[in-house]
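Undergrad: Residues per chain are reported as follows:
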Amino acid sequence: MPFDRMEGRGGPFGSTPPSVDDILKKAGKIFKGGALAVVSAAAIGGLFLFILFFSYYTVGPNEVGVVQRFGKYVGQSGPGPHFMWPIIEKVTRVKVDYVDKEEFGFRTVRPDVRTDYAPGEAFLDESLMLTGDLNCAVVPWVVQFRVSDPYQYLFAVHEPRATLRDLSEAIMRQVVGDRSVNEVINNREEIAGATKTILQEALDDAHTGIRIENVELKTTMPPRPVQPSWNEVNQAEQEKEQMIWKAREEYNKAIPAARGEAEKAISEAEGYALDRVNRAQGDVQRFLSLWEEYRNAEDVTRRRLYVETMQAVLPKIKKKFIVDQDQKALLPLLNLEPAKDTP
Amino acid sequence: MTRVVLIGLLVIVLFLGFTSVFTVDETEQVVITRLQKPVRKPITEPGINFKLPFVEKANYFPKYLMEWDGDPGELTTRDKTLIWVDTFARWRISDPLLYFKTVVNERGALSKLDDIVDSAVRNAITSHRLIESVRNANRSLDDRDSGMEEAISEWMPSTEIQFGREKITRMILDGARPKLAEFGIELVDVCIKRINYREEVQKAVFDRMIQERKQIAEKYRSEGRGESNKIVGQMEKELKRITSEAYRSAQEIKGKADAEAARLYAEAFSRDPEFYSFLNTLEGYRAAVDENTWLLLSTGSEFFRYFKDYAK
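The listed protein sequences derive, respectively, from chains P and E.
Throughout the first sequence, residue numbering follows the numbering used here, covering 1 to 343 in sequence.
Throughout the second sequence, residue numbering follows the numbering used here, covering 1001 to 1312 in sequence.
Hints are not guaranteed to be accurate.
Stated by the list, open to error - Residues on chain E that point at chain P, a partial pick, calculated with CB under 8 Å:
#1 R1135
#2 R1139
#3 A1217
#4 G1224
#5 E1238
#6 E1245
#7 Y1247
#8 I1253
#9 L1282
#10 G1300
#11 K1308
Stated by the list, open to error - For lysine-lysine, the following DSS-like pairs were computed, each having C-alpha atoms within a straight-line distance of at most 25 Å:
#12 K1237/E <-> K253/P
#13 K72/P <-> K1057/E
#14 K246/P <-> K1230/E
#15 K1112/E <-> K1101/E
Claimed, not checked - Now the stretches of chain E that chain P is said to cover, found in silico as 3 or more residues with beta-carbon under 8 Å:
#16 1017 to 1027
#17 1269 to 1276
Treat the hints as calculated values from the structure; they're not laboratory data.
Don't be surprised by glycine CBs; every beta carbon is placed ideally from N, CA and C.
Can you make the complete structure from the sequences, with help from the hints?
TA: Here's what the structure looks like:
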């Protein structure tokens, strides 16, 4: 090769220190005799670099390179630097570990600590759907996925992502279509789980090479015009609770008080009982004591008691008439109605 | 001179080489035509292939699964509901030669799909009730607080289905598939993507939902009142029970005490009833007499026995 030949000749920096004349002479020689050689050397070197440049490629850490030779799939290359045959081989890089997502019914504008979402109801068409009881519900959701089979992902389906979107929409509606509006609004996780299973089956059937990592339902809602009435239901539920609590409060206020009242009444009765029995016992004791003595001297005691009583009673009486027991005509002596005159 | 000839030959060979070699990608299949006439079997295996230069031409067709987005538009279901349906289908070229002959290219294929699948969808949807296309299985719906008391729910439209979405899409597929096979197209599946009410129907549905919600709200309120009344009633009952039980116990206790007292008195006084009666009568005098009492006493009485005459 001309290049080698040129090297073999030693060039300007030979073993013997060359004079300026020598250099000029040699340079002239080279220029004259080897013009073609220099040009072809440059061309071949350029071609070499060119080939090197186009045969070298790197695969990123979360990618695989899918290699095709003459259009036919021949294999995959992992992360790192690689070489391939230029022109006849083609490498397509596919991100395999990267978890991507598709959003339905909303769009993230800028993810951040407080993520911005596209405003308004621009994507309502995607999320408005019929429920099994023929009502409407708004169901926004996210599908997270990654490429599990790069071969299928690249070659089996025209646009795997579009297929994923269409299938997601169809299957989410199928799942929601078998549930009542209540279930759609309250059982989000169950719906997400069912959707994930069916969607994965459909994607496998279609050979999309996509694996679903997660299906997540955002807040499911009734359509906007219906929302106030849903809130009313929530409110009514609260009212119901409130009414019950209030009644319970009243119950709790009244019943323990009544129990206390009852205990009080019983205690009072017990007090009365004690009082009654004690008094009776006292009375009885007194009577018996007196009777004991009375039995010793019946007549005297009897008289004494009688006289004592009379002594006590008679002074209280204002009008007393003592009549001879032989007096017969008593009435003329008495004005029996003086009460009217005296105040 | 020979050099020039050599270079000329080389160029010609290279040129012929380039025009007779072609590659087929993983996603492609090729039909070779010789002067517009298809020859040989279609090439479906990817890799390098050869053809006659100039006279033969490689016609590329996609091999992968393709999407078709349907537009059946507005439909009326068998139960006369105006709806709007969006479908999609997936298809592939199963017979490139037939495809090449009959529809030529993708645009032709898509228009065939439009004609055949859209009409199949229309037929299937319009000949069934709406619920059949919405629901998939007769899964029992949890309408726990749908607010419908038994008597009312009787005349609510039934959500039971005979076929379901899967069977209906099956019907669409079965209807369209043989027709498309004539064009070398394999219809892989048809899916109903979206079904929605037409705007005016939607408004009516929203109104119905609102009414239903209102009813549920009323139900809750009424339940609240009922529950509250129940508690108040229980409270009243409990109150009566407590007070009456207390009264009963109190009376029992008092009665027993009275009985005990009576027994004690009787036991004691029965020892000498005459003396008791005497004492009691004397007590009675003390109580019965006050200052307004007039007393007419005879000297014959016990107290004044000695008043007139001290003799015995």
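Undergrad: If any of the earlier hints don't hold here, list their numbers in rising order.
TA: none
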